[in-house]
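Going down the list, the protein sequences come from chains A, B, C and D.
Heads up: the first sequence begins at 9 in our numbering, then just goes up one per residue.
Heads up: the second sequence begins at 9 in our numbering, then just goes up one per residue.
Heads up: the third sequence begins at 9 in our numbering, then just goes up one per residue.
Heads up: the fourth sequence begins at 9 in our numbering, then just goes up one per residue.
Just so you know, the hints here were simulated from the structure itself, not pulled from any lab data.
Some clues are possibly wrong.
[Claimed, not checked] Simulated DEER-style distance windows between Cβ atoms:
(1) D/Leu12 to A/Ala18: 31 to 37 Å
(2) A/Arg91 to D/Pro10: 42 to 48 Å
(3) D/His98 to C/Leu85: 44 to 50 Å
(4) B/Lys117 to A/Thr60: 25 to 31 Å
(5) D/Arg58 to C/Val75: 37 to 43 Å
(6) C/Arg14 to D/Asn88: 51 to 57 Å
(7) A/Thr83 to D/Asp22: 26 to 32 Å
[To be verified] SDA-like, lysine to any residue: derived pairs with alpha carbons at most 20 Å apart:
(8) C/Lys33 to C/Leu46
(9) D/Lys130 to D/Arg91
(10) B/Lys130 to C/Lys33
(11) C/Lys117 to A/Arg113
(12) C/Lys130 to B/Lys33
(13) C/Lys81 to A/Asn105
(14) D/Lys130 to B/Pro10
(15) D/Lys33 to B/Leu85
(16) C/Lys81 to A/Ser57
(17) B/Lys117 to C/Asp28
(18) B/Lys130 to D/Leu30
(19) D/Lys33 to C/Ala49
(20) A/Lys81 to A/Asn105
(21) B/Lys117 to D/Arg34
(22) B/Lys33 to D/His89
(23) B/Lys33 to A/Arg34
(24) D/Lys33 to C/Ser57
(25) A/Lys130 to C/Leu30
(26) B/Lys33 to D/Arg121
(27) A/Lys130 to A/His98
(28) B/Lys130 to C/Val17
(29) C/Lys130 to A/Ser57
(30) B/Lys33 to D/Lys117
(31) B/Lys117 to C/Ser116
(32) A/Lys130 to D/Gln120
(33) B/Lys33 to D/Gln120
(34) C/Lys33 to D/Thr60
(35) A/Lys117 to C/Asn32
Owing to the predicted nature of the structure, the values given are computational and were not obtained by experimental measurement.
All C-beta atoms in this analysis are idealised placements derived from N, C-alpha and C, irrespective of residue type, glycine included.
4 protein chains.
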Amino acid sequence: MPELSRIGVAIATDLLGEFDALINKRGYTNRSEAFRDLIRAELVRESSSRPTGHVVGSLTVVYDHHVRLLEEKLTELQHNHSRLILSVLHIHLDHDNCMELIALRGTSKDVQRLAGLLTATKGVKHAQLAITASSEAL
Amino acid sequence: MPELSRIGVAIATDLLGEFDALINKRGYTNRSEAFRDLIRAELVRESSSRPTGHVVGSLTVVYDHHVRLLEEKLTELQHNHSRLILSVLHIHLDHDNCMELIALRGTSKDVQRLAGLLTATKGVKHAQLAITASSEAL
Amino acid sequence: MPELSRIGVAIATDLLGEFDALINKRGYTNRSEAFRDLIRAELVRESSSRPTGHVVGSLTVVYDHHVRLLEEKLTELQHNHSRLILSVLHIHLDHDNCMELIALRGTSKDVQRLAGLLTATKGVKHAQLAITASSEAL
Amino acid sequence: MPELSRIGVAIATDLLGEFDALINKRGYTNRSEAFRDLIRAELVRESSSRPTGHVVGSLTVVYDHHVRLLEEKLTELQHNHSRLILSVLHIHLDHDNCMELIALRGTSKDVQRLAGLLTATKGVKHAQLAITASSEAL
Numbered sequence: 009m010p011e012l013s014r015i016g017v018a019i020a021t022d023l024l025g026e027f028d029a030l031i032n033k034r035g036y037t038n039r040s041e042a043f044r045d046l047i048r049a050e051l052v053r054e055s056s057s058r059p060t061g062h063v064v065g066s067l068t069v070v071y072d073h074h075v076r077l078l079e080e081k082l083t084e085l086q087h088n089h090s091r092l093i094l095s096v097l098h099i100h101l102d103h104d105n106c107m108e109l110i111a112l113r114g115t116s117k118d119v120q121r122l123a124g125l126l127t128a129t130k131g132v133k134h135a136q137l138a139i140t141a142s143s144e145a146l
Numbered sequence: 009m010p011e012l013s014r015i016g017v018a019i020a021t022d023l024l025g026e027f028d029a030l031i032n033k034r035g036y037t038n039r040s041e042a043f044r045d046l047i048r049a050e051l052v053r054e055s056s057s058r059p060t061g062h063v064v065g066s067l068t069v070v071y072d073h074h075v076r077l078l079e080e081k082l083t084e085l086q087h088n089h090s091r092l093i094l095s096v097l098h099i100h101l102d103h104d105n106c107m108e109l110i111a112l113r114g115t116s117k118d119v120q121r122l123a124g125l126l127t128a129t130k131g132v133k134h135a136q137l138a139i140t141a142s143s144e145a146l
Numbered sequence: 009m010p011e012l013s014r015i016g017v018a019i020a021t022d023l024l025g026e027f028d029a030l031i032n033k034r035g036y037t038n039r040s041e042a043f044r045d046l047i048r049a050e051l052v053r054e055s056s057s058r059p060t061g062h063v064v065g066s067l068t069v070v071y072d073h074h075v076r077l078l079e080e081k082l083t084e085l086q087h088n089h090s091r092l093i094l095s096v097l098h099i100h101l102d103h104d105n106c107m108e109l110i111a112l113r114g115t116s117k118d119v120q121r122l123a124g125l126l127t128a129t130k131g132v133k134h135a136q137l138a139i140t141a142s143s144e145a146l
Numbered sequence: 009m010p011e012l013s014r015i016g017v018a019i020a021t022d023l024l025g026e027f028d029a030l031i032n033k034r035g036y037t038n039r040s041e042a043f044r045d046l047i048r049a050e051l052v053r054e055s056s057s058r059p060t061g062h063v064v065g066s067l068t069v070v071y072d073h074h075v076r077l078l079e080e081k082l083t084e085l086q087h088n089h090s091r092l093i094l095s096v097l098h099i100h101l102d103h104d105n106c107m108e109l110i111a112l113r114g115t116s117k118d119v120q121r122l123a124g125l126l127t128a129t130k131g132v133k134h135a136q137l138a139i140t141a142s143s144e145a146l
């Protein structure tokens with residue numbers, strides 16, 4: 009268990025009431041947990057915006073597997089950047105479309121560059137990068 | 009002055025250290041102030057996503073004033089929605105381009121609809137909506 | 009192969025030059041492909057903002073597996089919403105932290121609600137939803 | 009008038025149909041205009057993410073004018089960065105709250121730094137930066 013600090017925060021009673029209503033609605037049962045999540049989300053936004061920040065996250069890619077040579081190209085690209093890729097989950101969405109969830113770890117810059125290359129590949133219909141954590145904030 | 013509450017938050021010492029470093033870098037001199045800003049920003053994200061949430065904010069529009077009838081159309085659109093518009097600041101960016109900062113207040117849905125109409129007007133090059141506050145969080 | 013249309017687009021030569029430079033940098037070799045990606049991304053932004061829009065995507069979750077009962081809670085939550093969950097990839101990030109990539113399909117509203125519940129669970133450090141496609145745009 | 013190019017874009021008929029429905033709903037009467045707006049929005053996202061990219065935009069700030077010395081601090085900060093600030097619109101929202109729309113021009117890095125300083129000032133409740141245009145895309 010990590011060492012815990014207990015800090016005091018001064019906050020207008022009205023604002024606190026609205027915050028409690030919001031986190032209640034979202035299913036939080038513990039206010040400190042909600043504060044920690046807010047902090048971590050802010051640290052992630054910060055890390056993602058620094059090219060050298062270390063991040064983990066995922067790229068979700070949807071593509072039509074009928075496009076000629078597409079799967080070969082995606083595999084080739086992934087192998088050329090294998091040090092950034094932790095693992096891949098492949099899903100058959102329907103007759104035509106595949107979805108891949110690619111777990112990534114590396115500098116913000118490298119992760120974003122690889123995401124760009126996969127997105128730009130002809131036949132890839134959608135791609136969405138989710139930077140989930142700065143390594144520092146883990 | 010609004011009534012103040014003082015609450016305790018339990019947080020891993022490491023995570024707190026990173027948060028303090030971040031808010032320091034951003035120029036905060038007071039940790040409670042940073043917490044309050046995080047809370048208000050989260051409440052705004054929530055309000056903006058509810059169509060009936062009351063918001064204030066601004067629309068920033070850049071356009072080329074040479075486009076025929078554009079200024080007439082923008083003025084007409086603004087007058088048709090004048091109950092949403094608090095005030096407008098007009099700036100001459102360069103020989104061709106104007107920027108308008110339009111202060112808005114209303115439901116999230118109405119504000120977004122007006123922003124959409126102004127954005128879609130031919131000759132408007134850029135438009136960016138900034139939802140700044142839920143009326144509740146003021 | 010889907011039926012193809014060929015349309016003409018009028019665009020300032022300068023603006024087209026900048027667009028070509030941008031997509032070149034991103035690795036596109038085909039301008040139509042870049043246009044199609046822009047369109048699909050815009051359709052996804054639209055679907056995500058409609059509660060009843062059908063979407064596919066992923067939730068990336070990072071958590072500390074030492075937190076008591078956390079894995080049980082996450083599993084329970086996922087089983088209670090199993091019709092939304094296509095598949096899950098589990099990664100051991102380091103001694104303390106796990107990352108799960110959860111492939112999701114359903115209405116924007118349901119997918120966002122499940123993401124909220126998983127995010128709010130005590131011990132979940134980060135969670136990021138990536139809405140990747142509207143079912144319509146597949 | 010800038011020089012115009014006319015380009016051809018190949019696009020699946022279904023996808024084009026959905027795009028036309030979307031832009032119709034948004035109030036576009038001209039498909040080329042919608043394409044140009046998509047391109048410009050993408051160029052802006054790119055410029056904002058490069059620290060040295062030149063941008064114009066606005067910062068919308070909401071604050072409580074009763075907070076002691078706040079207006080002095082905001083004025084001081086703005087004067088210290090006056091080369092970034094084109095103009096300011098001040099609005100009295102209600103008894104307690106003021107909103108300022110600050111028109112900005114400069115490098116992405118400088119504009120974001122100033123936005124951070126204004127946001128962090130004690131008493132500022134909300135602040136939202138809207139990067140509206142890369143100078144290149146004007």
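Hint check results:
1. D/Leu12 to A/Ala18: 31 to 37 Å: violated (59 Å)
2. A/Arg91 to D/Pro10: 42 to 48 Å: holds (45 Å)
3. D/His98 to C/Leu85: 44 to 50 Å: Holds, at about 48 Å.
4. B/Lys117 to A/Thr60: 25 to 31 Å: violated (41 Å)
5. D/Arg58 to C/Val75: 37 to 43 Å: Taking Cβ atoms as reference, D/Arg58 and C/Val75 lie about 39 Å apart, which means the hint holds.
6. C/Arg14 to D/Asn88: 51 to 57 Å: holds (55 Å)
7. A/Thr83 to D/Asp22: 26 to 32 Å: holds (28 Å)
8. C/Lys33 to C/Leu46: This hinted pair holds, its Cα atoms lying about 16 Å apart.
9. D/Lys130 to D/Arg91: Given that 20 Å is the threshold and the Cα spacing comes to 24 Å, the pair is violated.
10. B/Lys130 to C/Lys33: violated (29 Å)
11. C/Lys117 to A/Arg113: violated (29 Å)
12. C/Lys130 to B/Lys33: violated (29 Å)
13. C/Lys81 to A/Asn105: Violated. C/Lys81 to A/Asn105 sits at ~32 Å, over the 20 Å cutoff.
14. D/Lys130 to B/Pro10: holds (15 Å)
15. D/Lys33 to B/Leu85: holds (16 Å)
16. C/Lys81 to A/Ser57: violated (32 Å)
17. B/Lys117 to C/Asp28: violated (35 Å)
18. B/Lys130 to D/Leu30: Given that 20 Å is the threshold and the Cα spacing comes to 16 Å, the pair holds.
19. D/Lys33 to C/Ala49: Between D/Lys33 and C/Ala49 the Cα gap is close to 17 Å, so the pair holds against 20 Å.
20. A/Lys81 to A/Asn105: Distance of about 16 Å is within 20 Å: holds.
21. B/Lys117 to D/Arg34: Distance of about 13 Å is within 20 Å: holds.
22. B/Lys33 to D/His89: Measuring from Cα to Cα gives roughly 18 Å; hence the hint holds.
23. B/Lys33 to A/Arg34: Distance ~30 Å between B/Lys33 and A/Arg34 Cα, so the pair is violated.
24. D/Lys33 to C/Ser57: holds (14 Å)
25. A/Lys130 to C/Leu30: holds (16 Å)
26. B/Lys33 to D/Arg121: OK: B/Lys33 and D/Arg121 at ~10 Å, within 20 Å.
27. A/Lys130 to A/His98: Holds. A/Lys130 to A/His98 sits at ~19 Å (cutoff 20 Å).
28. B/Lys130 to C/Val17: holds (14 Å)
29. C/Lys130 to A/Ser57: violated (27 Å)
30. B/Lys33 to D/Lys117: Cα-Cα ~14 Å, so holds.
31. B/Lys117 to C/Ser116: Holds - the C-alpha atoms of C/Ser116 and B/Lys117 are around 18 Å apart, at most 20 Å.
32. A/Lys130 to D/Gln120: violated (35 Å)
33. B/Lys33 to D/Gln120: Given pair B/Lys33, D/Gln120 holds - Cα atoms ~13 Å apart, limit 20 Å.
34. C/Lys33 to D/Thr60: holds (17 Å)
35. A/Lys117 to C/Asn32: Holds. A/Lys117 to C/Asn32 sits at ~18 Å (cutoff 20 Å).
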